[in-house]
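**Student:** With the hints as constraints, model all of the structure from the sequences given.
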Amino acid sequence: MKNPIINFIRSGGNLVTEEGVLLIIESCQETVNEAAKDCFVRKAFEKAV
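The opening residue of the sequence shown carries number 7 in the working numbering; numbering runs sequentially from there.
Among the hints, erroneous ones may be present.
With a straight-line cut-off of 25 Å between C-alpha atoms, the simulated SDA-like cross-links for lysine to any residue are [unchecked claim]: (1) LYS43 <-> GLU32; (2) LYS43 <-> GLU24; (3) LYS43 <-> ALA54; (4) LYS43 <-> VAL55; (5) LYS49 <-> LEU29.
Derived Cβ-Cβ restraints for the label pairs, each shown as a range [what the hints assert, rightly or not]: (6) VAL55 <-> GLN35: 29 to 39 Å; (7) VAL55 <-> GLU24: 39 to 49 Å; (8) GLU24 <-> ALA54: 22 to 32 Å.
Keep in mind the hints are simulated off the structure, nothing from the lab.
We put the CB at the ideal spot given by N, CA and C, even for glycine.
**Tutor:** Take a look at the structure:
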């Protein structure tokens with residue numbers, strides 16, 4: 007799936023439907039979760055070393 011935020015911006019913000027907003031929130035959430043996991047793993051690794 008393409009990045010919904012970029013699609014949203016390209017469409018001039020016309021996707022302000024409930025679904026469009028949920029997609030954007032979801033994709034942001036995934037990015038935040040990935041970053042948090044990455045940070046957590048790095049911290050755990052540093053403690054182990």
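**Student:** Work down the list of hints and note, for each, if the structure agrees.
**Tutor:** Comparing the hints with the structure gives:
The straight-line distance between the Cα atoms of LYS43 and GLU32 is roughly 16 Å, inside the 25 Å bound, and the hint therefore holds. Annotation: proposed proximity of LYS43 to GLU24 is violated, straight-line Cα distance about 28 Å (limit 25 Å). Using a Cα cut-off of 25 Å, the hinted pair LYS43 and ALA54 holds, with the two alpha carbons roughly 16 Å apart. Between LYS43 and VAL55, the direct Cα distance comes to roughly 18 Å. Compliance with the 25 Å bound is thereby established for this hinted pair.
Restraint check: the Cα-Cα separation between LYS49 and LEU29 comes to about 30 Å, which exceeds 25 Å; the hinted pair is violated. The supplied range of 29 to 39 Å is met by VAL55 and GLN35, whose beta-carbon atoms lie about 30 Å from each other. For the pair VAL55 and GLU24, the beta carbons lie near 47 Å from each other, so the given range of 39 to 49 Å is met. Checking the proposed 22 to 32 Å range against GLU24 and ALA54 shows it is violated: the Cβ atoms sit about 44 Å from each other.
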